[in-house]
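Residue numbers (numbering that gives the first Met the number 0), protein chains in the order written: chain E, 0 to 177; chain V, 0 to 177.
Heads up, some of the hints might be wrong.
No distinction is drawn between identical chains; accordingly, a pair holds when it is met within one copy or between any pair of copies.
Said to hold, decoys possible - Using 30 Å as the maximum straight-line C-alpha spacing, the simulated BS3-like pairs for lysine-lysine come out as follows:
1. Lys-154 to Lys-49
2. Lys-77 to Lys-100
3. Lys-49 to Lys-77
4. Lys-110 to Lys-49
5. Lys-77 to Lys-154
6. Lys-100 to Lys-49
7. Lys-77 to Lys-164
Hints are computed from structural coordinates only; laboratory data are not their basis.
What follows is each chain in one-letter form.
2 protein chains.
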Amino acid sequence: MATEGGDPTRIMVAVNESTIKGYPHPSISSKGAFEWTLNKIIRSNTTGFKLLFIHVQVPDEDGFDDMDSMFASPDDFKSMKHRDKIRGLHLLEYFVNQCHKIGVACEAWVKKGDPKEIICYEVNRVHPDFLVVGSRGLGPFQKVFVGTVSEFCTKHADCPVIAIKRSAAQTPQDPADD
Amino acid sequence: MATEGGDPTRIMVAVNESTIKGYPHPSISSKGAFEWTLNKIIRSNTTGFKLLFIHVQVPDEDGFDDMDSMFASPDDFKSMKHRDKIRGLHLLEYFVNQCHKIGVACEAWVKKGDPKEIICYEVNRVHPDFLVVGSRGLGPFQKVFVGTVSEFCTKHADCPVIAIKRSAAQTPQDPADD
Chain E
0 MATEGGDPTR IMVAVNESTI KGYPHPSISS KGAFEWTLNK IIRSNTTGFK LLFIHVQVPD
60 EDGFDDMDSM FASPDDFKSM KHRDKIRGLH LLEYFVNQCH KIGVACEAWV KKGDPKEIIC
120 YEVNRVHPDF LVVGSRGLGP FQKVFVGTVS EFCTKHADCP VIAIKRSAAQ TPQDPADD
Chain V
0 MATEGGDPTR IMVAVNESTI KGYPHPSISS KGAFEWTLNK IIRSNTTGFK LLFIHVQVPD
60 EDGFDDMDSM FASPDDFKSM KHRDKIRGLH LLEYFVNQCH KIGVACEAWV KKGDPKEIIC
120 YEVNRVHPDF LVVGSRGLGP FQKVFVGTVS EFCTKHADCP VIAIKRSAAQ TPQDPADD
């Protein structure tokens with residue numbers, strides 16, 4: 000039953016930027032989930048797997064990020080969106096570079112929207128064998144305020160999901176940070 | 000980062016008997032979860048992984064299974080427990096034989112109690128890298144009546160958990176069956 004050759008196992012990995020360092024730095028939990036996947040699943044079998052990185056950018060709800068921006072024409076808005084996209088691509092570059100170094104095939108792309116919903120939508124579109132998501136490992140009280148993408152995906156994504164909790168040693172002072 | 004040698008990844012797989020065929024037949028969902036693990040995770044890397052099979056026997060709540068039994072002395076009860084244990088071991092034999100055929104290291108053992116609680120207890124004791132559980136993929140209405148071990152473990156087990164849903168094609172007429 001163990002597969003000698005055949006199609007690689009396609010693992011979707013949802014990644015986001017750090018809330019502390021911002022782009023292009025990956026969040027602690029998505030970096031952890033990625034490294035866990037390499038160390039515990041892929042191991043030395045680099046040709047047996049393909050990683051599919053999805054990064055969902057949250058549309059700016061309060062416009063705070065754009066306080067320093069001038070909008071004088073529709074083109075200014077275009078360039079802003081372009082800039083955000085570029086930042087997202089720099090984030091993905093980190094993961095793609097790591098895969099390239101160790102010889103694991105990968106694809107990576109950026110989407111905009113509500114991360115939990117877009118991830119589930121992309122699972123339906125791309126049909127990975129399973130989905131890996133990082134988790135901050137928040138308690139029930141903390142979750143009320145920040146929401147958890149991993150929990151939503153575990154319930155609603157149409158493929159097996161494995162949530163990798165951030166270790167206690169890596170938890171920043173404010174556990175909502177990542 | 001990909002591990003060439005080192006300790007194998009230890010995957011705990013929770014298995015149970017079929018509700019239709021009984022011992023020694025594995026349930027559809029636990030057989031499915033096992034085969035998924037072989038095909039999608041272990042693949043050709045048979046030395047990179049070790050499977051830890053846990054089977055939890057539910058103590059007989061209503062005595063129905065023992066309607067044909069005579070209990071005349073404490074020893075009769077002992078032999079009953081022994082017989083149940085033997086049945087559980089025959090179930091595990093199925094999985095151990097499959098592993099042996101393809102050359103994957105494994106361990107297997109039986110416990111008694113509430114499956115969801117014992118599985119989480121065993122996770123704490125054995126510290127697997129992750130836990131694989133089969134799931135019948137029941138809807139919210141069906142779940143009220145039968146409970147779901149996979150959902151409980153996903154929330155409470157102290158390691159990453161991946162629940163593998165039974166495919167629609169394998170679902171028996173009564174979806175609570177397995």
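Hint compliance check: list the failing hint numbers for this structure, sorted ascending. 2, 3, 5, 7
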